[in-house]
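Asks: In order, the protein sequences belong to chains D and C.
In terms of the numbering used here, the first sequence opens at residue 35 and continues consecutively.
In terms of the numbering used here, the second sequence opens at residue 4 and continues consecutively.
Rather than coming from a laboratory, the hints here were simulated on the basis of the structure.
Every residue gets a Cβ at the ideal spot worked out from N, C-alpha and C, and that includes glycine.
A hint or two may mislead.
Derived PhoX-like pairs: lysine-lysine, alpha-carbon spacing no greater than 25 Å straight-line [said to hold, decoys possible]:
#, chain 1, residue 1, chain 2, residue 2
1, D, K53, D, K104
2, C, K198, D, K149
3, C, K74, D, K136
4, C, K152, D, K136
5, C, K198, D, K71
6, D, K136, C, K7
Computed beta-carbon distance windows for the label pairs [claimed, not checked]:
#, chain 1, residue 1, chain 2, residue 2, range
7, D, K149, C, I172, 33 to 43 Å
8, D, R100, C, V194, 24 to 34 Å
9, C, N55, D, F74, 18 to 28 Å
10, C, W214, D, E122, 36 to 46 Å
11, C, W214, D, K104, 23 to 33 Å
12, D, G124, C, V194, 24 to 34 Å
Which bits of chain D does chain C cover? Going by a derived footprint, with three or more residues having C-beta under 8 Å, they are [to be verified]:
#, segment
13, 57-70
14, 114-123
15, 130-144
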Amino acid sequence: MDIVNKEYVQEVITSFANKDVYIHLETTNGSYASHFKEGFLNAGAFLRNLVVNFELGKIVGDSPHRVGLKLPAGWVYAQGITHYEVDEYGRLLLAGLDHEGKLSVALQISETPFKE
Amino acid sequence: MIEKERHVLIILPHPDDEAFGISGSIAAYRKMGVPVTYACLTLGEMGRNIGNPPVATRETLPEIRKMELIKSCEAMGLEDLRMLGFRDKTLEFEDDEDMVQLVEELIEETNPSLVISFYPGYSVHPDHEATARAVVRAIRRMEVEERPKLYAVAFANNTEAELGTPDIIHDVEATIENKLNSLRAHLSQTVWMMKETEAKLAQNDPEIKKWLRYERFFSYKWDQDFE
Chain D
35 MDIVNKEYVQ
45 EVITSFANKD
55 VYIHLETTNG
65 SYASHFKEGF
75 LNAGAFLRNL
85 VVNFELGKIV
95 GDSPHRVGLK
105 LPAGWVYAQG
115 ITHYEVDEYG
125 RLLLAGLDHE
135 GKLSVALQIS
145 ETPFKE
Chain C
4 MIEKERHVLI
14 ILPHPDDEAF
24 GISGSIAAYR
34 KMGVPVTYAC
44 LTLGEMGRNI
54 GNPPVATRET
64 LPEIRKMELI
74 KSCEAMGLED
84 LRMLGFRDKT
94 LEFEDDEDMV
104 QLVEELIEET
114 NPSLVISFYP
124 GYSVHPDHEA
134 TARAVVRAIR
144 RMEVEERPKL
154 YAVAFANNTE
164 AELGTPDIIH
174 DVEATIENKL
184 NSLRAHLSQT
194 VWMMKETEAK
204 LAQNDPEIKK
214 WLRYERFFSY
224 KWDQDFE
């Protein structure tokens with residue numbers, strides 16, 4: 035993955051607009067967060083292969099970026115995005131990696147389902 | 004002293020779970036000629052370490068970790084690796100009875116004298132806990148005299164206060180290189196830790212040597228069953 039190229043990522047996001055696309059959205063502190071720091075509220079969320087059809091998608095801000103998708107009846111967004119890759123299947127993989135390189139957030143968009 | 008077994012069945016959820024505290028024992032069993040089966044439930048798909056700078060993505064990580072797991076098994080001399088195809092961080096949401104049956108089938112097939120897994124209630128990660136519960140439930144259903152021994156790994160912060168000290172301690176000095184190679188095999192997950200470990204080893208740090216040399220297990224306390 036490379037550090038986000040905002041203009042390019044914007045182009046790729048826009049190329050997925052108005053199509054049924056599969057979403058992977060994830061936020062995580064890691065499963066050991068409250069082991070290393072007792073009392074820490076370990077919160078996170080995970081969606082994989084949710085199908086959406088967004089009308090407008092934007093990447094905003096300086097790194098870390100925010101990415102939002104406007105749906106006909108709702109929203110998807112992720113914050114803390116630092117890295118991107120368009121993989122061999124044309125999928126847009128966005129991730130937020132912390133100062134140690136650990137993944138904290140991921141938003142991925144694909145025209146085909148992600149592997150289960 | 005590591006007791007000789009008829010067959011050892013290892014049941015863990017993530018590639019690399021074996022490396023930290025069990026790989027020296029596995030290598031020792033293999034050197035004794037004891038057959039060892041390792042059922043690894045997921046491919047650690049949700050690992051947060053993808054390299055720094057990143058060498059993997061969320062989507063390529065499973066394949067990388069699968070190769071690392073195979074390499075770790077080679078380092079331990081383990082030939083019977085089963086990758087069971089569940090997804091990382093989802094085990095506790097699977098049907099509990101299905102998980103128990105999966106363990107029952109593994110036990111029935113391999114007829115182990117010893118099962119090694121995590122200790123329910125003391126293994127921190129939700130996947131460790133779900134695996135541990137399924138293992139205990141499956142063994143509990145067996146006639147007492149037919150049950151394999153169960154060595155469980157426990158590392159929650161309250162372990163010592165509640166479980167006491169481990170009753171099974173394996174000195175794995177003879178297989179320490181196998182263990183280091185198992186740890187090194189899981190490069191995507193251990194690269195930072197291993198840098199530190201190898202530096203300490205080079206300085207003959209007694210703490211790190213002790214940490215590597217002794218593998219600690221609790222015999223599951225059936226008289227204080229978790230449910």
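Asks: Starting from K53/D, check that the Cα of K104/D is at most 25 Å away, please.
Replies: The given pair, whose Cα atoms are some 13 Å apart, holds under the 25 Å limit.
Asks: Quick one: are K149/D and I172/C within 33 to 43 Å, going by C-beta?
Replies: Once the Cβ atoms are compared, 41 Å apart, the range 33 to 43 Å for I172/C and K149/D holds.
Asks: Holds or violated: K74/C with K136/D, Cα cutoff 25 Å?
Replies: With Cα atoms ~23 Å apart, K74/C and K136/D stay inside 25 Å; holds.
Asks: At the C-beta level, are R100/D and V194/C separated by a distance inside 24 to 34 Å?
Replies: Distance hint for R100/D, V194/C holds at roughly 30 Å.
Asks: Regarding the pair K198/C and K71/D, is the alpha-carbon distance no greater than 25 Å?
Replies: At roughly 24 Å apart (the allowed maximum being 25 Å), K71/D and K198/C satisfy the hint.
Asks: With respect to the beta-carbon atoms only, verify the hint that N55/C and F74/D lie 18 to 28 Å apart.
Replies: holds, 22 Å
Asks: Taking 24 to 34 Å as the hint, is the beta-carbon distance of G124/D and V194/C inside that range?
Replies: Given about 30 Å between the Cβ atoms, the range holds.
Asks: Count the residues of the segment 114-123 of chain D whose Cβ falls closer than 8 Å to any Cβ of chain C, and tell me whether that reaches three.
Replies: Since three or more residues must qualify, the claim that chain C covers the segment 114-123 of chain D holds, with 3 doing so at under 8 Å.
Asks: Apply the coverage criterion to the segment 57-70 of chain D and chain C: a residue qualifies when its Cβ sits closer than 8 Å to a Cβ of the chain, and three qualifying residues are needed.
Replies: holds (count 7)
Asks: Quick check: does the Cβ-Cβ distance between W214/C and E122/D fall within 36 to 46 Å?
Replies: holds, 41 Å
Asks: Hey, K136/D versus K7/C, does the alpha-carbon distance stay inside 25 Å?
Replies: Given pair K136/D, K7/C is violated - Cα atoms ~41 Å apart, limit 25 Å.
Asks: Taken at face value, is the distance from the CA of K149/D to the CA of K198/C at most 25 Å?
Replies: violated, 33 Å
Checked against the numbered hints listed earlier, the structure breaks hints 2, 4, 6 and 11; every other hint is satisfied.
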